[in-house]
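**Q** Chain residues, written in single-letter form:
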Amino acid sequence: MASPGSRSRAEEPQPVGSAATSERAGGETEAPQESPSDLTTLSLEQLTEVEIGTVYGAAKHDQKVTDAPSSVTIITADDIRKYGYRNLADILRSVGGLFTTNDRNYQYLGIRGFNRPGDYNSRVLLLVDDHRINDNVYDQAPIGNEFPVDVDLIDHLEVIRGPGSALYGSNAFFSVINIVTRRGSALKAAEISGQAASFNTYKGRLSYGQLFSNGIDLLLSGSAADSEGQTFHFKEFDAPATQNGIARDADHERYYNLLGQIAYKQFTLQAAYAWREKGIPTGSFGVVFGDTRNRTIDERYYADLKYENSFGDIVSVTARAFYDWYYYGGDYVYDRTVNAGTIRVVNKDTGIGQWVGGELKLSSEIMPRNRVTVGSEVRQSFQQDQRNADVQVFLDEKKHSWNAGVYFQDELSILENLTLSAGARYDYYQMFGGSTNPRVGLVYHPFEKTTLKLLYGEAFRVPNAYELFYGDSRQTQKGNAGLDPETIRTYEAVLEQYFGAHYRLSASAFHYDIKNLITQVIDPADGLLQFRNIDKVEANGLALDLTGQWASGLKARMNYALEEAVDKSAGGLLTNSPKHLIKLNLSFPLVEEKVFTGVEAQYTSKRRGVQGHFSDYFFLVNLTLYSVNLLEGLEASASLYNLFDARYSDPVGNELLQEFIVQDGRSFRFQLTYRF
Amino acid sequence: MCFLHTLSFFAGITLSLPLGMGVEPNNITEQDVKAAYLFNFAKFVEWPDSSFVDNKAPIVFAVLGDSKLALVLEKTVEGKAINGRALAIKKLKSVKDLEPCHILFVGESQKADLPAILGVVACKNTLTVSDIDGFTRQGGACRFFIEERKVRFELNLDATRRAELKVSSKLLKVGKVLRDELPQGSR
Numbered sequence: 001m002a003s004p005g006s007r008s009r010a011e012e013p014q015p016v017g018s019a020a021t022s023e024r025a026g027g028e029t030e031a032p033q034e035s036p037s038d039l040t041t042l043s044l045e046q047l048t049e050v051e052i053g054t055v056y057g058a059a060k061h062d063q064k065v066t067d068a069p070s071s072v073t074i075i076t077a078d079d080i081r082k083y084g085y086r087n088l089a090d091i092l093r094s095v096g097g098l099f100t101t102n103d104r105n106y107q108y109l110g111i112r113g114f115n116r117p118g119d120y121n122s123r124v125l126l127l128v129d130d131h132r133i134n135d136n137v138y139d140q141a142p143i144g145n146e147f148p149v150d151v152d153l154i155d156h157l158e159v160i161r162g163p164g165s166a167l168y169g170s171n172a173f174f175s176v177i178n179i180v181t182r183r184g185s186a187l188k189a190a191e192i193s194g195q196a197a198s199f200n201t202y203k204g205r206l207s208y209g210q211l212f213s214n215g216i217d218l219l220l221s222g223s224a225a226d227s228e229g230q231t232f233h234f235k236e237f238d239a240p241a242t243q244n245g246i247a248r249d250a251d252h253e254r255y256y257n258l259l260g261q262i263a264y265k266q267f268t269l270q271a272a273y274a275w276r277e278k279g280i281p282t283g284s285f286g287v288v289f290g291d292t293r294n295r296t297i298d299e300r301y302y303a304d305l306k307y308e309n310s311f312g313d314i315v316s317v318t319a320r321a322f323y324d325w326y327y328y329g330g331d332y333v334y335d336r337t338v339n340a341g342t343i344r345v346v347n348k349d350t351g352i353g354q355w356v357g358g359e360l361k362l363s364s365e366i367m368p369r370n371r372v373t374v375g376s377e378v379r380q381s382f383q384q385d386q387r388n389a390d391v392q393v394f395l396d397e398k399k400h401s402w403n404a405g406v407y408f409q410d411e412l413s414i415l416e417n418l419t420l421s422a423g424a425r426y427d428y429y430q431m432f433g434g435s436t437n438p439r440v441g442l443v444y445h446p447f448e449k450t451t452l453k454l455l456y457g458e459a460f461r462v463p464n465a466y467e468l469f470y471g472d473s474r475q476t477q478k479g480n481a482g483l484d485p486e487t488i489r490t491y492e493a494v495l496e497q498y499f500g501a502h503y504r505l506s507a508s509a510f511h512y513d514i515k516n517l518i519t520q521v522i523d524p525a526d527g528l529l530q531f532r533n534i535d536k537v538e539a540n541g542l543a544l545d546l547t548g549q550w551a552s553g554l555k556a557r558m559n560y561a562l563e564e565a566v567d568k569s570a571g572g573l574l575t576n577s578p579k580h581l582i583k584l585n586l587s588f589p590l591v592e593e594k595v596f597t598g599v600e601a602q603y604t605s606k607r608r609g610v611q612g613h614f615s616d617y618f619f620l621v622n623l624t625l626y627s628v629n630l631l632e633g634l635e636a637s638a639s640l641y642n643l644f645d646a647r648y649s650d651p652v653g654n655e656l657l658q659e660f661i662v663q664d665g666r667s668f669r670f671q672l673t674y675r676f
Numbered sequence: 001m002c003f004l005h006t007l008s009f010f011a012g013i014t015l016s017l018p019l020g021m022g023v024e025p026n027n028i029t030e031q032d033v034k035a036a037y038l039f040n041f042a043k044f045v046e047w048p049d050s051s052f053v054d055n056k057a058p059i060v061f062a063v064l065g066d067s068k069l070a071l072v073l074e075k076t077v078e079g080k081a082i083n084g085r086a087l088a089i090k091k092l093k094s095v096k097d098l099e100p101c102h103i104l105f106v107g108e109s110q111k112a113d114l115p116a117i118l119g120v121v122a123c124k125n126t127l128t129v130s131d132i133d134g135f136t137r138q139g140g141a142c143r144f145f146i147e148e149r150k151v152r153f154e155l156n157l158d159a160t161r162r163a164e165l166k167v168s169s170k171l172l173k174v175g176k177v178l179r180d181e182l183p184q185g186s187r
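Protein sequences, first through last, are from chains A and B. Every letter in the first sequence is one number past the one before it in the numbering used here, and letter 14, counting from 1, is 14. Every letter in the second sequence is one number past the one before it in the numbering used here, and letter 18, counting from 1, is 18.
No wet-lab data here; the hints were simulated from the structure. Misleading hints may appear alongside valid ones.
[As the list claims (entries may be wrong)] No farther apart than 30 Å at their CA atoms in a straight line, the calculated lysine-lysine pairs in the DSSO-like style are these:
id	chain 1	residue 1	chain 2	residue 2
1	A	K306	B	K111
2	B	K150	A	K361
3	B	K111	A	K60
4	A	K265	B	K80
5	B	K150	A	K188
6	B	K93	B	K124
7	B	K124	A	K361
8	A	K594	A	K568
9	B	K170	A	K594
10	B	K91	A	K60
11	A	K64	B	K124
12	A	K449	B	K111
13	A	K188	B	K111
14	A	K306	B	K93
15	A	K64	B	K68
16	A	K449	B	K124
17	B	K96	A	K265
18	B	K75	A	K449
Given the sequences, and given the hints that come with them, work out the whole structure.
**A** And the structure:
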């Protein structure tokens with residue numbers, strides 16, 4: 001199809017090389033008739049800048065984003081640098097339809113209108129190089145600084161919307177987020193990086209990566225950070241007995257993480273370690289307000305050995321074995337009455353998870369235009385312990401369990417431009433029995449620049465050990481061993497349209513039906529927190545996404561999401577569910593190939609809190625200047641977040657007295673990275 | 001309605017962006033880019049006349065053990081010519097099928113047979129290309145690698161010299177240049 005864009009490309013002067021001075025390149029004269037994806041009309045320099053548009057996580061093999069049976073967004077290391085993203089939450093907040101909530105202890109990811117109080121992101125499956133990050137006690141997907149991988153080591157990240165249980169089992173309820181890390185060969189150097197930011201925040205990173213002549217690819221990296229945090233005033237605690245609501249020195253944060261990866265031939269061994277300590281300034285869970293000993297510690301490590309091979313270009317095999325550890329330790333300061341006297345104690349709340357497992361996957365194009373993927377996965381959770389104690393032991397639950405799953409997926413090209421993708425996964429959980437979750441997608445390219453996707457999927461999530469068994473002898477919370485798995489059925493239509501040579505428009509509409517949604521409520525009978533299956537929730541939404549990319553280096557992305565998640569049994573919108581989300585991301589070179597600017601603007605509409613009040617809508621603008629090769633090997637970046645110092649608050653869970661928690665005003669970060 | 005104003009503000013900014021040369025995201029596979037590179041290699045590498053039967057003989061691409069790339073390459077070069085020479089593609093399954101060619105792409109599936117393959121084509125005016133790790137180190141001429149979702153390549157100039165190929169400076173400018181004696185880490 002001829003278009004103004006493809007014509008302008010044909011007019012680009014063709015490179016003239018020593019071997020090609022007398023060429024009669026057919027491509028040059030025929031270009032206007034050719035498909036816009038004819039890359040031979042690009043110069044070599046342009047070719048090195050072409051971003052490949054494939055996604056792995058949507059079907060567990062590489063495929064074009066336009067062919068994937070999902071709505072997909074990809075964020076690259078280039079975006080991370082140009083927009084000054086500091087952690088996973090920063091990245092995810094920039095993605096269409098996603099929003100985050102920060103209660104000054106953890107960050108929570110909202111997607112498709114859902115961000116439930118008391119849920120530690122258990123409805124999103126987080127993967128690092130295909131390794132499951134969600135733990136086995138809280139199912140937590142860590143998106144703050146407790147996330148085990150430094151964001152500067154991310155090569156790219158895939159956000160795959162919609163249910164993924166047909167391939168991944170539990171937790172892949174609303175979305176699968178797959179993070180692909182950099183390899184040693186991508187660094188081929190040592191890197192030292194330091195940053196300073198608002199609130200007395202300092203961070204350093206040291207990395208080394210190399211591809212050795214014997215074929216060994218090695219990456220080693222370590223990061224450490226320390227932040228003093230902010231002083232807050234919470235009006236809910238504004239009384240002389242609670243320091244007039246002022247929490248000083250209570251927002252501190254420290255974290256370390258290490259990542260090691262070694263790849264040789266068909267084997268890759270990855271090991272990660274992360275430790276984070278975060279002070280809790282908010283007085284959550286009824287602790288002594290303002291005591292700087294209130295804090296949580298998260299520690300996570302894992303080792304994952306992967307074998308990948310392809311046989312005769314037809315069958316590819318992946319096998320993996322892994323060991324994982326998760327530790328959570330919370331210190332909560334309380335005044336206890338013992339023998340008619342009051343003593344101040346530090347309550348120790350802990351959760352420890354340990355598990356091992358393996359996965360085997362086979363993917364094959366058994367016939368041309370018919371790809372079959374089969375796999376199985378086993379996980380043995382040999383520790384899922386929770387404990388709470390101070391003057392007495394309130395909770396001491398030791399659990400273990402196992403689960404296994406098998407999946408099958410067939411992608412069949414019925415016609416040249418019509419593909420049917422169908423799959424299902426059966427999971428068995430020791431505690432809940434079996435669950436089968438199918439997914440069917442029809443991907444149709446009626447015209448060369450148009451893609452239409454019709455998607456149906458089901459997913460489930462089993463209640464986690466925290467929701468089932470956490471109870472502190474009727475202090476704040478009680479367990480509910482009678483919880484059932486929650487299930488979802490989703491219907492989605494996606495239209496992707498390229499127009500001109502620069503724009504891609506994607507529009508999607510979805511309808512979600514959720515049964516038995518697990519939600520934290522306050523039992524009116526005793527005032528204790530408890531997780532319960534709410535009968536039914538229905539969500540409808542629309543998403544528009546417009547991206548543009550120009551050879552000058554200008555990139556733009558704009559999206560709008562309209563979402564409405566309604567609790568069918570209680571009536572009314574869900575809490576912490578913004579109806580409108582708008583994002584704009586714009587990056588362009590200020591000085592060609594040297595200095596870049598990244599601007600992002602985000603609008604979030606009002607959200608209802610757990611007590612029924614609404615938080616104000618807000619509008620955030622972040623600005624980053626990023627420069628490469630300032631001196632040979634030196635990169636510098638300067639960011640201003642919340643440029644216009646907007647005042648805004650996030651709705652938080654029932655464990656806080658506050659319904660909303662104020663978020664950061666204008667803040668900065670400065671980063672220097674040197675490669676040698 | 002505030003959000004509508006915000007929306008039109010965003011839309012206004014996005015749509016008023018200048019028009020220029022563009023490349024489309026999300027629709028391009030790594031095979032598409034590799035095929036375009038291979039086409040460019042044919043343009044920017046000069047083979048000795050003796051490697052062609054006559055001056056009408058085609059430039060021969062052979063793709064060994066990567067049927068996906070072979071398909072894409074066929075589409076990419078269809079109807080095109082370079083220096084008046086047509087472009088021919090041979091799809092090969094194993095090292096036993098090897099025959100003279102100008103550009104040989106070796107698929108990942110051939111990892112185990114790599115020494116044998118490089119032995120067969122040594123000094124036969126063939127530009128060997130692969131995405132196998134360590135390919136250029138083992139005597140191959142050109143290796144594709146993917147960095148931050150972009151396909152890049154490195155060239156071993158000692159290998160191209162042994163194959164008596166003249167490589168245009170255009171390629172040297174864009175690719176990473178290596179030599180036999182330098183460790184791969186050198187920049």
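**Q** B/K111 and A/K60 were given as a pair; does the straight-line alpha-carbon distance stay at or below 30 Å?
**A** 23 Å, holds
**Q** Can you confirm whether the C-alpha distance between B/K96 and A/K265 stays at or below 30 Å?
**A** 23 Å, holds
**Q** Within 30 Å, alpha carbon to alpha carbon, are A/K449 and B/K111?
**A** 37 Å, violated
**Q** Just to be careful, I want the Cα atoms of B/K93 and B/K124 compared with a cutoff of 30 Å; is the pair within it?
**A** 20 Å, holds
**Q** Given the hint that A/K449 pairs with B/K124, test it: the Cα-Cα distance must not exceed 30 Å.
**A** Violated, because 43 Å separates the two Cα atoms, which is more than 30 Å.
**Q** Is A/K64 close enough to B/K124, meaning Cα to Cα at most 30 Å?
**A** 37 Å, violated
**Q** Quick one, are A/K594 and A/K568 close enough, alpha carbons at most 30 Å?
**A** 54 Å, violated
**Q** Need the status of pair A/K188, B/K111: alpha-carbon distance at most 30 Å?
**A** 23 Å, holds
**Q** For the pair supplied as a hint, A/K64 and B/K68, is the alpha-carbon distance within the 30 Å limit?
**A** 13 Å, holds
**Q** Given the hint that B/K124 pairs with A/K361, does the C-alpha gap stay at or below 30 Å?
**A** Violated, because 40 Å separates the two Cα atoms, which is more than 30 Å.
**Q** Quick one, are A/K306 and B/K111 close enough, alpha carbons at most 30 Å?
**A** Cα-Cα ~18 Å, so holds.
**Q** CA of B/K150 to CA of A/K188, is that 30 Å or under?
**A** 17 Å, holds
In summary, the structure is inconsistent with hints 4, 7, 8, 11, 12 and 16 from the numbered list given earlier, while agreeing with the others.
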